[in-house]
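Protein chains in written order, with our numbering: chain A, 22 to 236; chain B, 53 to 270; chain R, 441 to 862; chain W, 1210 to 1512.
Warning: the hint list may mix true and false statements.
As the list claims (entries may be wrong) - One-sided and incomplete, this derived list gives chain R residues near chain W with beta-carbon spacing under 7 Å: (1) Glu638; (2) Ser853; (3) Ser857.
Stated by the list, open to error - List time: in silico DSS-like cross-link candidates among lysine-lysine, alpha-carbon distance up to 30 Å: (4) B:Lys119 / A:Lys186; (5) B:Lys119 / R:Lys625; (6) R:Lys704 / A:Lys113; (7) A:Lys186 / R:Lys565; (8) W:Lys1399 / A:Lys86; (9) W:Lys1321 / W:Lys1399; (10) R:Lys625 / A:Lys190; (11) R:Lys565 / B:Lys119; (12) A:Lys86 / W:Lys1393; (13) R:Lys565 / W:Lys1321; (14) B:Lys119 / A:Lys190.
Hint data in this document are derived by calculation from the structure and do not stem from the laboratory. Idealized CB from N, CA, C, for every residue including glycine.
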Amino acid sequence: MHPANPLTFEGLGVWIASLLTLFIFSFLYKDNPFYKLAEHLFVGISAGYYVMQEWWAVIYPQCVKPVAHGEHLLMIIPGVLGLFLFSRFIPKAGWLSRWSLAIIIGAYAGIKTTGFAQGDLVAQFQASILPLYVPGHLGASINNVLFLAGLLSTLVFFFFSTEHKGAIKGTAQLGVWFLMVSFGAAYGFTVMARVSLLIGRFQYLLDPWLGVTRF
Amino acid sequence: MQRQIPLILTGVIGFVMLLYFFVPHPFISGPGHFFEDAVIIVVAFAIVLGAANLLTFNGEIIARRGKDWPYKVVLLVSMFAMIAIGLVEGERYLEPETVFSWMYNTFYASMQATMFALLAFFIASAAFRAFRIRNLEAGLLAVAALFVMLGRVPIGNVISAHWPNGIQLPQISDWIMENPQNSAKRAILMGAALGVMSTGLRIIMGIEGSFARSGGNS
Amino acid sequence: MRPRASRPSPLRSGTTGLPHPVPRLRATSFAVLGFLALVAGVARAQTPPATARATTTSSLPALSAAAADVQNDNGQALHVQWTAPAGVEQVIVERGSTPAGPFTVLDTVSAEGGSFDDNDVPRGKPVFYRLTGLGAHGPTPPAVIGPVVAVAQWFNTGRTNVAFFSVIFFAFVLFFLWSSRGGRKLFVRRIAGIDAIEEAVGRATEMGRPVLFVPGVQDIDDIQTMAALVILESVARTAAQYETKMIVPTNYPVPFTLAQEMVKNGFLEAGRPESYDPNSVRYITSEQFAYVAAINGIILRDRPAANLYLGAFFAESLILAETGFSTGAIQVAGTANVHQLPFMVVACDYTLIGEELYAASAYLSREPRLLSTLKGSDYMKVVIILLLLIGSVIETSFVLKNPPTQSLGQVSSPFKSWFRTE
Amino acid sequence: MTSLLVFLAILAAVALVVAFLIRIPSVATTLARMRRLDRRWIFLAVWVLVMVPLLFPLKLPVAPTARAMQYYEQIDRLKAGDIVLLSADFDPAAGPELVPMLKTSIMQLCRKKVRIVGDCLWPGGPPLLEQAFSEVARDTFHYRYGEDYVNLGFKEGREAVMLAMGNSIPGTFPSDFRGTPVSKLPLMGKVTNLRSVKLLVNVSAGYPGTKEWVQQTQSRFNLKIISGCTAVSAPEYYAYLQSGQLLGLLGGMAGAAEYEKMAGVTGAATKGMDAQSSVHLLVMLCILLGNLAHWAARRLGER
Chain A
22 MHPANPLTFE
32 GLGVWIASLL
42 TLFIFSFLYK
52 DNPFYKLAEH
62 LFVGISAGYY
72 VMQEWWAVIY
82 PQCVKPVAHG
92 EHLLMIIPGV
102 LGLFLFSRFI
112 PKAGWLSRWS
122 LAIIIGAYAG
132 IKTTGFAQGD
142 LVAQFQASIL
152 PLYVPGHLGA
162 SINNVLFLAG
172 LLSTLVFFFF
182 STEHKGAIKG
192 TAQLGVWFLM
202 VSFGAAYGFT
212 VMARVSLLIG
222 RFQYLLDPWL
232 GVTRF
Chain B
53 MQRQIPLILT
63 GVIGFVMLLY
73 FFVPHPFISG
83 PGHFFEDAVI
93 IVVAFAIVLG
103 AANLLTFNGE
113 IIARRGKDWP
123 YKVVLLVSMF
133 AMIAIGLVEG
143 ERYLEPETVF
153 SWMYNTFYAS
163 MQATMFALLA
173 FFIASAAFRA
183 FRIRNLEAGL
193 LAVAALFVML
203 GRVPIGNVIS
213 AHWPNGIQLP
223 QISDWIMENP
233 QNSAKRAILM
243 GAALGVMSTG
253 LRIIMGIEGS
263 FARSGGNS
Chain R
441 MRPRASRPSP
451 LRSGTTGLPH
461 PVPRLRATSF
471 AVLGFLALVA
481 GVARAQTPPA
491 TARATTTSSL
501 PALSAAAADV
511 QNDNGQALHV
521 QWTAPAGVEQ
531 VIVERGSTPA
541 GPFTVLDTVS
551 AEGGSFDDND
561 VPRGKPVFYR
571 LTGLGAHGPT
581 PPAVIGPVVA
591 VAQWFNTGRT
601 NVAFFSVIFF
611 AFVLFFLWSS
621 RGGRKLFVRR
631 IAGIDAIEEA
641 VGRATEMGRP
651 VLFVPGVQDI
661 DDIQTMAALV
671 ILESVARTAA
681 QYETKMIVPT
691 NYPVPFTLAQ
701 EMVKNGFLEA
711 GRPESYDPNS
721 VRYITSEQFA
731 YVAAINGIIL
741 RDRPAANLYL
751 GAFFAESLIL
761 AETGFSTGAI
771 QVAGTANVHQ
781 LPFMVVACDY
791 TLIGEELYAA
801 SAYLSREPRL
811 LSTLKGSDYM
821 KVVIILLLLI
831 GSVIETSFVL
841 KNPPTQSLGQ
851 VSSPFKSWFR
861 TE
Chain W
1210 MTSLLVFLAI
1220 LAAVALVVAF
1230 LIRIPSVATT
1240 LARMRRLDRR
1250 WIFLAVWVLV
1260 MVPLLFPLKL
1270 PVAPTARAMQ
1280 YYEQIDRLKA
1290 GDIVLLSADF
1300 DPAAGPELVP
1310 MLKTSIMQLC
1320 RKKVRIVGDC
1330 LWPGGPPLLE
1340 QAFSEVARDT
1350 FHYRYGEDYV
1360 NLGFKEGREA
1370 VMLAMGNSIP
1380 GTFPSDFRGT
1390 PVSKLPLMGK
1400 VTNLRSVKLL
1410 VNVSAGYPGT
1420 KEWVQQTQSR
1430 FNLKIISGCT
1440 AVSAPEYYAY
1450 LQSGQLLGLL
1460 GGMAGAAEYE
1470 KMAGVTGAAT
1480 KGMDAQSSVH
1490 LLVMLCILLG
1500 NLAHWAARRL
1510 GER
């Protein structure tokens, strides 16, 4: 048992972090001032952290420093547009921020549209064209038929231009079953994800803080 | 006129970025490169704006001694402390020995991870209190969830170690992930892609706006 | 900060609180389709790439090499290929502006690679390459090749399939937008979820308890928030008819103002403007966990009989659904965030799955923009289903004709290869 | 085969006993009353079921899955001197799942003497990447900063950064994590854009992450991508595995533990898997018990 030494710079950090971890866990018993303090401290620290990251990683090296040295003068434009965003705090000058929004909304509209079109539509469509019978690979053939049935029936489920009657109703029902299996799988994976986060916190409390075992 | 020009600008930039994907010629890829590099900087300013929003929102609560205002003071003080330390320590602020990195490990990393870890408790209580198998669909969901949960952890591997090959628990959970889950998920991916593409088209053609005008009726 | 089920994004806590004041542009809609067709036409008329053969000037076996313009690029890349005789391990690649002119060394690469991509060539100017092989028995005599010119293409032929899909889909969406604005009646089937919502509001009226409506946790830039606010208007209309109290918590300024607008309209259209309670719509906070804790407080204190969670949700949907379940309220949820649907399906009485959220808002509001997207997507799905069926038949017959020798999936039909993405 | 029959026999027996017990009114009422159980008892059960296996490990064997093996093979195929892009797009909230993957990936890359260019598209990432680099690459494998590995730190812009890196990595990251200009780093001299990178190892927690890398760069720059992601985002990436856009996947802490086993290391992920097993069993028990209580209540006519 060699717990972290609170007198050292690094050890003090581990002690504070562990106490804050217990403060947040106290929310499980009931909402209390310790949890509220930890939560507000967290929002403040992370906001300050993000501002520093944006400054030192983007605004300074890519906009302020090169312009100051006379290179990449074009980068003045996004710098000015970025400052326009703050015009909302000046009465009557709020419309300036619309220019900055124009480049954000416009650029991402174009980037996302083409990214989704190629990566999530065409590539996925191409990979869904499967041979329904491959001689010598019976297992794969059955899987391919099942795969295509699931894909087509789920697409029919998300079809809203006709009433769901007769054959369409049956296909859509099959689609719902496939959806439910995929939700079940997603549920299982989400349980696994949340639990591993808790395991990570307990490993932090047991190893760097209390030093009970090595992780 | 204050609204028309930005709207046209949005459409033009969106259209250039759309064409940028199809046209390698520098006539389009030149502006495309510029918008790529420029939007990185403008988004960075948007994050700093987020912190400014926090300042005005919480500052106002403190000014009128609203609910929990002492906690808001802690929030703003810790924000400014982080900014001050970051500026003082200069470009090497993220080196392992700096006070900024110490603050990162002590406050940011620990509390953010713990916030998420809370969800593990809620998942277990929700599984007990709110997981209702009330029809065939919920039943299918539960069966798939049980197989995947069992198949992905060592205990499932131990239980089915001597089962005939092909139907061991890890293999069943893998098959569920690779086949039924995949075909349904791919239909959802394609549907979502169409949704994003149509939203992008509306933004580029300037007909997305009216909904978003604050106070504007549909 | 914003813990998200699967998509924790760094842009959080109020940072996306940007209003979207981009108003409707009446006058022009770009001829998107026309321009793309024009570009494709220009691509056909491009000059074929110039390929220059090597001219070797020495008796010893020099490299036989060739250089060609790299296709589908911005005209700054040339692809140099060579077949090195035995014993040559490395090749020095040099470039110059004239056959005898000063050559600058670009790189020394391993010979068996067989090629070298020169990525920053002056655009449109003829250049020459000099390749000298290095091997066990000394350097081979230099082989000079050229002139070859790097040309920029106007259309990336590798992306014709993406253009094909996009042009068809955009044509559908624009057609339906034009026809819905022209007043044509576009049929959208009634989603079962809408009946579930109305039944929930009716149930709340019987028990004399309020209706809770949470329009998601995202700002206005997420289309799901907009779809939820449209549904809020029709829920408010139903609640007004039944004289039932409504509670609408929001977490961003713009959705807050729009929600007030929607609830007021609902009560107006139901003919009961006087019973509209202004503080039924509340702005709480944009910090995610505090927002969830506040809504849990509302559920436990005011004990609404109907909880409606519609819009963009992340890790908090699980917590809300569980608290609501424990109070015995009837719960209807709907989101397009697929990773949250499992929790909603098991904990709520009814769930609108993915695009059903958009279908419900299009059905209720008849809004041209929502209708055109929905109908456009529907018809595009018909195209995809048909192409999939055709493709599977072609692929099956192709695989039957030439069965795969080694592993599966190596061989594919020309139809499928046309859709390969580059 | 017999263990399968035994397992099925036990299941059938339990089902019969429960079906029988639920008919006895006294048992049914106690089951129904369970629905009002204070959820803090369940919280306590989770707390205990995680703490105990961490203190007294059972060391249950982990079974590697095909996709995890493919992740391992993609790195194994690299040759000494190849350049790899390691994009750590996550923050401490996904630390327990992704930090073990990051360290084991760096270790395998170092064993193959591959040169690593590291970057982060999440603001919360750089310190985690730097800690992993110094602990594994610098201290254990004596990699030289600037020649064998580089940490370019964070860049805002999400998909826009990926596109910009496709055209020029030094152009997108003018200076590295410490602010030293990229021109002073010899390794960066050899890195022009995503085409000059043999493989992208993407440790991803959500948006921006593997989905956006696949959409924006995989086809366009002919980039080989393998992903280590959180369990929440893993199901969606199976679609990219089947289409060949992704060449390997590690899903959540289980994926990290499998990868550690293949790399012959017992790291934090492997040590956490026992607790993972116990809590999964608890959650499954909760689902079954919860529904049992609900059926019992319905049999007694309560809502």
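Now the hints, each set against the structure:
1. Glu638: 21 Å, violated
2. Ser853: 16 Å, violated
3. Ser857: Because about 13 Å separates Ser857 of chain R from the closest Cβ in chain W, which is outside the 7 Å limit, the hint is violated.
4. B:Lys119 / A:Lys186: Between Lys119 of chain B and Lys186 of chain A the Cα gap is close to 55 Å, so the pair fails against 30 Å, i.e. violated.
5. B:Lys119 / R:Lys625: Roughly 51 Å between the alpha carbons, so the hint for Lys119 of chain B and Lys625 of chain R is violated.
6. R:Lys704 / A:Lys113: Answer holds: Lys704 of chain R to Lys113 of chain A is near 28 Å, not above 30 Å.
7. A:Lys186 / R:Lys565: Violated. Lys186 of chain A to Lys565 of chain R sits at ~65 Å, over the 30 Å cutoff.
8. W:Lys1399 / A:Lys86: 25 Å, holds
9. W:Lys1321 / W:Lys1399: 18 Å, holds
10. R:Lys625 / A:Lys190: Satisfied, since the Cα-Cα distance of roughly 23 Å is no more than 30 Å.
11. R:Lys565 / B:Lys119: 71 Å, violated
12. A:Lys86 / W:Lys1393: 17 Å, holds
13. R:Lys565 / W:Lys1321: It is violated: about 42 Å lies between the C-alpha atoms, which goes past 30 Å.
14. B:Lys119 / A:Lys190: 53 Å, violated
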